[in-house]
Amino acid sequence: MVVTWRAAALMGLGVVPVLLLPANGTVLVWAAVVVLVCLVDVALAASPRRVAVQRRVPASVRLRSEATSELVVRNASGRRLRGVIRDAWGPSAGAGPGRGNGQRARPASGGSGRHHVDLPDGEAARLPTTLVPTRRGDRAAGGVTIRSLGPLGLAGRQVTLPVPGRLRVLPEFASRKHLPSRLARLREMDGRAAVQIRGEGTEFDSLREYVVGDDVRSIDWRATARRREVVVRTWRPERDRRVLIVLDTGRTAAARVGAADSTGAPRLDASIEAALLLAALAGHAGDRVELVAFDRTVRSRVVGAAGPRLMPAMAESLATVEPVLLETDWPGVVTQVRTRMTQRALVVLLTTLDPAAVENGLLPVVDQLARDHTVVVASVADEEVAGLRAGRETVAEVYDAAAAARGDLERTAVTTMLRRYGADVVEALPDDLAPRLADEYLALKAAGRL
Amino acid sequence: MTAPAVPPPHAPTRPAPAALVNEPPVIIGDDTTGRSRAANRWRRMRWPLTVLGVIALLVLFLAVVRQPTSAESYAPDNPESDGAMAVAEVLEDQGVQITHVTSVADAVAAAGPDSTLLVTPNPAFFAEDQISSLSRTGADLVVLNPDYSMIGAVTRNTVDSMYSELSGPVQPQCDDPAARAAGALELGPGLYDTSTNGDAVRPVLCWPDGMGAFAYARLDFPDRSVTVVSDPAVIRNDSVLDEGNAALALWMLGQHEDLVWLVPNPMDVSTGDDEPTPAERGQVNPQMPPGSAPVALVAVLAAVLLALWRVRRMGPLVVEDLPVLVRSAEATRGRARLYRAARASGHAAAGLRAAAADRIASRLGLARSSDANTVVDAVVAATNRPPQQVADLLYGPPPADDAALAELARRLDFLESEVYRP
Numbered sequence: 000m001v002v003t004w005r006a007a008a009l010m011g012l013g014v015v016p017v018l019l020l021p022a023n024g025t026v027l028v029w030a031a032v033v034v035l036v037c038l039v040d041v042a043l044a045a046s047p048r049r050v051a052v053q054r055r056v057p058a059s060v061r062l063r064s065e066a067t068s069e070l071v072v073r074n075a076s077g078r079r080l081r082g083v084i085r086d087a088w089g090p091s092a093g094a095g096p097g098r099g100n101g102q103r104a105r106p107a108s109g110g111s112g113r114h115h116v117d118l119p120d121g122e123a124a125r126l127p128t129t130l131v132p133t134r135r136g137d138r139a140a141g142g143v144t145i146r147s148l149g150p151l152g153l154a155g156r157q158v159t160l161p162v163p164g165r166l167r168v169l170p171e172f173a174s175r176k177h178l179p180s181r182l183a184r185l186r187e188m189d190g191r192a193a194v195q196i197r198g199e200g201t202e203f204d205s206l207r208e209y210v211v212g213d214d215v216r217s218i219d220w221r222a223t224a225r226r227r228e229v230v231v232r233t234w235r236p237e238r239d240r241r242v243l244i245v246l247d248t249g250r251t252a253a254a255r256v257g258a259a260d261s262t263g264a265p266r267l268d269a270s271i272e273a274a275l276l277l278a279a280l281a282g283h284a285g286d287r288v289e290l291v292a293f294d295r296t297v298r299s300r301v302v303g304a305a306g307p308r309l310m311p312a313m314a315e316s317l318a319t320v321e322p323v324l325l326e327t328d329w330p331g332v333v334t335q336v337r338t339r340m341t342q343r344a345l346v347v348l349l350t351t352l353d354p355a356a357v358e359n360g361l362l363p364v365v366d367q368l369a370r371d372h373t374v375v376v377a378s379v380a381d382e383e384v385a386g387l388r389a390g391r392e393t394v395a396e397v398y399d400a401a402a403a404a405r406g407d408l409e410r411t412a413v414t415t416m417l418r419r420y421g422a423d424v425v426e427a428l429p430d431d432l433a434p435r436l437a438d439e440y441l442a443l444k445a446a447g448r449l
Numbered sequence: 000m001t002a003p004a005v006p007p008p009h010a011p012t013r014p015a016p017a018a019l020v021n022e023p024p025v026i027i028g029d030d031t032t033g034r035s036r037a038a039n040r041w042r043r044m045r046w047p048l049t050v051l052g053v054i055a056l057l058v059l060f061l062a063v064v065r066q067p068t069s070a071e072s073y074a075p076d077n078p079e080s081d082g083a084m085a086v087a088e089v090l091e092d093q094g095v096q097i098t099h100v101t102s103v104a105d106a107v108a109a110a111g112p113d114s115t116l117l118v119t120p121n122p123a124f125f126a127e128d129q130i131s132s133l134s135r136t137g138a139d140l141v142v143l144n145p146d147y148s149m150i151g152a153v154t155r156n157t158v159d160s161m162y163s164e165l166s167g168p169v170q171p172q173c174d175d176p177a178a179r180a181a182g183a184l185e186l187g188p189g190l191y192d193t194s195t196n197g198d199a200v201r202p203v204l205c206w207p208d209g210m211g212a213f214a215y216a217r218l219d220f221p222d223r224s225v226t227v228v229s230d231p232a233v234i235r236n237d238s239v240l241d242e243g244n245a246a247l248a249l250w251m252l253g254q255h256e257d258l259v260w261l262v263p264n265p266m267d268v269s270t271g272d273d274e275p276t277p278a279e280r281g282q283v284n285p286q287m288p289p290g291s292a293p294v295a296l297v298a299v300l301a302a303v304l305l306a307l308w309r310v311r312r313m314g315p316l317v318v319e320d321l322p323v324l325v326r327s328a329e330a331t332r333g334r335a336r337l338y339r340a341a342r343a344s345g346h347a348a349a350g351l352r353a354a355a356a357d358r359i360a361s362r363l364g365l366a367r368s369s370d371a372n373t374v375v376d377a378v379v380a381a382t383n384r385p386p387q388q389v390a391d392l393l394y395g396p397p398p399a400d401d402a403a404l405a406e407l408a409r410r411l412d413f414l415e416s417e418v419y420r421p
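From first to last, the protein sequence lines are chains A and B. Quick note, the first sequence lines up with residues 0 to 449 if you use numbering that gives the first Met the number 0. Quick note, the second sequence lines up with residues 0 to 421 if you use numbering that gives the first Met the number 0.
Simulated from the structure, these hints should not be mistaken for lab results. Take these hints with a grain of salt, some might be off.
Stated by the list, open to error - What the simulated footprint calls covered on chain A by chain B, stretch by stretch (three residues with Cβ under 8 Å from a Cβ of chain B suffice, anywhere in the stretch; the number is not a length):
id, region
1, 9-18
2, 23-36
3, 399-412
Here the structure is a predicted model, which is why all the values come from computation and not from measurement. Each residue gets a CB set at the ideal place from its N, CA and C atoms; glycine is no exception.
Only chain A is shown next, with the shape it has when bound in the complex:
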């Protein structure tokens, strides 16, 4: 049972009879009249438990893009359904106000996902609500609340129906803007680009006729001697190499990075952006990409997806990965890599160069990995720390800068140690990590180190 402002207004109208007959008895009689009218209104309201509700939600949407949650409401109550219907979503789903849908449904004020409805018996309406999710992962919908008011709009009945709904929010993949330029570089390496340069790489591809502009060093004199024309050798980068991306979802991935005046985003999100760009690039380059999200156990895994199925599989499996507040089990990571990769591969560890965590976790095991594989350690730096480093205004800021400098030195030491063990290190701010890691991959490919 609910009352509306109209019931309060009706009670307020009681001032008129009370002024004509000023006594407390008049007030009681008027209050009784109001209660009676409200009860009659409730009795005449359509039963919200006899309204059929269906929630249609797209299976998945990319972070920060628009999706529409649509309620299909059919009035089977035998009476006209007037009132408000709320399509409830959690705060991170970013539900906007109800969009309304013509005469039958209008947007209602008072919060997100609310619709005024006026449905004759037996009719149905679609109630669309715009969702702009602000967090990755599975966003579960709440119930659907139906507030059915009586014909006078004084009072009504309300019920919340458990209507299932789930929207999977995929990673944003904002780093895909870097993909075209890296693909162009890949094609240049491949020797297929429009510019006449020799394909870089180390794998012999084919012989072809010399054209002006080709590197004279690539002329194959033996083949030239056999034919009438000058022949050059072309190389191409290795294909069908294995790339294993290991995403560290331990406690250091949970910390937020970003400018000091923003709320920032978890370190893991920047790692996921880098992983997606690298996977897209490596997939185009013809390498076989696998992914493991690991802290003390495997949280997510992509194996055996290639071609057009790779990126959907990556997005789907990375959508629900969340940081866990546990220390990462680095010997376990080594075991995972050994069981997955029997031949030489590029192993990319997306983690954090936190000196204490690296010294106790990654450093003792990285040489075991680097012996068998090419190892790249990619770490997300913090923009806020970068800001602290430059502070000189007050004494407190100078101390902040000193602490940041000390942290840098320790990280440099750790980086040096990692390089000594044979791992490459890429450390960059969240927005730069993905392109830097892609460049590192291209460099390794060009050098034939995969």
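Let chain A serve as the given structure and place chain B on it in line with the hints.
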């Protein structure tokens, strides 16, 4: 060759989303009936209701078993030593109807001819018009320990009060039936006769203390009598059994079938014969217009409905797990605060110097393992500064205080900017 399209994480060319292939379920109702909801509500409210019921039963039981009593002094329902329940009980047993009132207005309304009006001591003062209302009721008036203006008004200035001391039981020594019945008693004498021969009715005063003060005065006006007792101990529970107190009290108060027992309230300003009170005229207070009280009640009820309208939420809140909100930079900030709290300006300076030397060395193309002399020589070559100054700056003694540290940080920045070669 054209660049291939950039695929988003989920390919847009995929067939229809799964949600539309697997039709979502249609929900009608929440699987409850009126009966199951009532049962649910009852199950939820069972224990609170039980507790409330037990409390209500307990209160009811106590109310039936224990008579209502008060702690008001001289009240007929106060069994404590300063109460007067003993006298009141005896009077009721003898068939006297006692009306317990606490305001002058109620007393005036209840008292009339053929009744007795008892006024117990007032903790404050009666106003002039209250006294005149009380003396105009036509009832026989019994006043205990009245204040100055009260005694003058009710006795028409024939009796006055004064301070005097108790001096043991004395005989009444007067011609008054009540006094004769009571005999000797011990009450504080505080009344003396101020009547003159010109007064129509002269008081009868009893129980003198030998110095002109009396404990009891009685005036018989044609229509009623007025009795003044200077000491209220005559009806108090703790002293009513002393000497002849009980006889005097019963004689004074038991004259008529009806006894109006006024225990004055210091906040009471009613007089009983003036305009109707603000509450009777429907006013919130005397400043508001008549009829404002019911209007205010309407407003309150409307406000209650408004509150009910606003308080009902449109369905429950939707919960979700919140992410970690710890910033990565907090470790660095915490370390900076530790440095500052410990006044470790030397340690902080060492960090700044090492980081600056590291950056300068890498800009000048020196190996990371270069020693101090190599770095200083390279910087001197790059900046044309005196070697001693550069060595002091990069490897000198630690700064003494915070100001020196800030100065050092500025000078290191300056040196670095000089070294930088684009």
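For each hint, the structure was consulted:
1. 9-18: holds (count 6)
2. 23-36: Coverage by chain B holds for the region 23-36 of chain A (6 residues, Cβ < 8 Å).
3. 399-412: holds (count 11)
Violated hints are absent here; each numbered hint is respected by the structure.
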